[in-house]
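Chains as they are written, first to last, in the working numbering: chain A, 511 to 634; chain B, 1081 to 1535.
It should be emphasised that the hints constitute simulated quantities derived from the structure, not laboratory data.
Be aware that one or more of the hints could be misleading.
[What the hints assert, rightly or not] A few chain B residues that face chain A, going by a derived Cβ cut-off under 7 angstroms, partial list only:
(1) E1114
(2) H1116
(3) L1148
We treat Cβ as the ideally placed atom computed from N, Cα and C, and that holds for glycine.
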Amino acid sequence: MKVTKDLVAASATPMVLGILAEADSYGYAILRRISELSGGELDWTEGLLYPLLHRLERLGHVESDWRSVAGERRRKYYRITRSGLAELAEQRRQWDTVVDTLKEIWLGRGDTRPLIAIQLGGYA
Amino acid sequence: MTDDQAELEAQFAQWRHYVQRRRELTSADADELEDHLRGSVDELVAAGLRADEAFLVAVKRMGSLDELSREFAREHSERLWKQLVLTGDTDSPAADTRSRRDLIAMVGCAAGAAVSIKAPELFGLNLEQDGAFYAANLSLFALPWLAAFLAWRRQAGKAVIGVLVALFAIGAVAANAFPLADESQSLVLTSIHLPIALWLVVGLAYIADDLRAPRRRMDFIRFTGEWFVYYVLIGLGGGVLIAFLFGTFEAIGISPEGFIAQWVAPCGAAAAVVVAGWLVEAKQSVVENIAPVLTRLFTPLFTVALLAFLVALAVTSGGIDVEREALILFDLLLVVVLGLLLYSISARDPLAPAGVFDKLQLALVLSALAIDVLVLLEITGRITEFGTTPNKAAALGENIILLANLAWSAWLMVGLVRGRTPFAALERWQTAYLPVYAVWAWVVVLVFPPLFAYL
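Isolated chain A, as found in the complex (with noise of 0.2 angstroms):
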């Protein structure tokens, strides 16, 4: 199973944020980090990673600069900035309604069960 396009688009900032949030990083290492994290399943590609990490630089959530770390080569690494971190709380308040939501429908409460039980794995 591989996670549609469209849902890959719209999870990337929040996630690329949060990786900085982490610690400061450059483009290999955070895609890694996101495939290492989900297990394989989220296939993103260098087209969607660096012009997004283009965006947020512009957009001022994000900085970066050109670093040597010893024994490694010169690479471009990315730091979340404070305008990056206020956009990170915000996302994620925005995902963790959806994700509430998702959960509400597909699980539902102790007090109202759903009226139709979905599962996983459909018909099968």
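Position chain B against the provided structure of chain A, taking the given hints into account.
Frame of chain A; chain B shown alone:
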């Protein structure tokens, strides 16, 4: 370094070369993407792949460059509206200092041109009263400065600079040494031909870094077209500026007429010659060329006009029987056709197969050829009937030169349309023909006045 590593580095270099050809991607992007690719390769090598295998897989994973560039283009749309970088903000500091030095040299040369056109006034000459002097010398005020700017940019060798100086000096002698009356035909001919001769001297400065290469001559043809477009645009802007100067100063009761006619217009026109040349050089890699676009627009229209004229001629009478002015008009028409031909050649993809546009161009050349023959008949008829004058001789020479060019071009284009002749042959023919114009222009300027007893 082992062989494997060396090969891998070569592959990276090649990949980088492809990336940098994309104008959506800057060199900083290329650095970033290369680092990504290297990370990917390192990981695959660590997983047990051989270096060349790892490279192939990593490139494949990165996806096609087309897709990558498209995504970058979406984010950085401003990069596609390539901007003319005048100061700073380019990719590399080396390019920065270079463009700044160019700017300074250009301002110096433009100022030189502006001063040159006012310099004769120190010797009591006046723009309004000594029209004949200015008409003959006009090209000598600005073109040497344009040539100087180009020679400086190309870091021309001493020998080339010597030749340039000598040719401009000969031009100055030709314009002033002969005892020509203000109304003489030779004076008019000099005023027309000296700019052409000197423009080709500018061409020599343009190709100073590689005198023998036909491609550089083609570049000069492109330069000429672009320069013309820029000059006209600057002229239009200058017209607006003058209109505002005029209106605003009149409004407060000061008449700027004399100042504009004596200073703004002539100095601006001379300086703009250099500025336009600098603009073409500075934006060469930045904006798409406009002259070939105009050519594409006007080639079909001129073809239709010429064909219509030929049909009308066949229907009404048997030959061109017109006044001298109309003959000059036909000559100009042929020059325009040649210009259209030159510019479409300069812009054409040399490897593309012959298409509809090439056929259209062949029709244009053939109809121009027919008109040229008719004009030639008319001129020779006049010469045998009334004898030679400088004007007729000049017109005859020009028509023969154009006839030779058009005839051989038509022959080559027939071959091109039929897929027998490579496009390069046409290109080579046109670039090889440039010196012919230069020689003829110099002959008219230098030999005609004494030959026709300063008539």
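Cut-off 7 angstroms, beta-carbon criterion: hint that L1148/B touches chain A: holds, 5 angstroms
Supplied contact hint for H1116/B, tested at 7 angstroms Cβ to chain A: holds, 5 angstroms
Interface restraint verdict for E1114/B against chain A (beta-carbon cut-off 7 angstroms): Constraint on E1114/B not satisfied, violated at 9 angstroms.
Figure legend: structure checked against the earlier numbered hints; the only hint not met is number 1.
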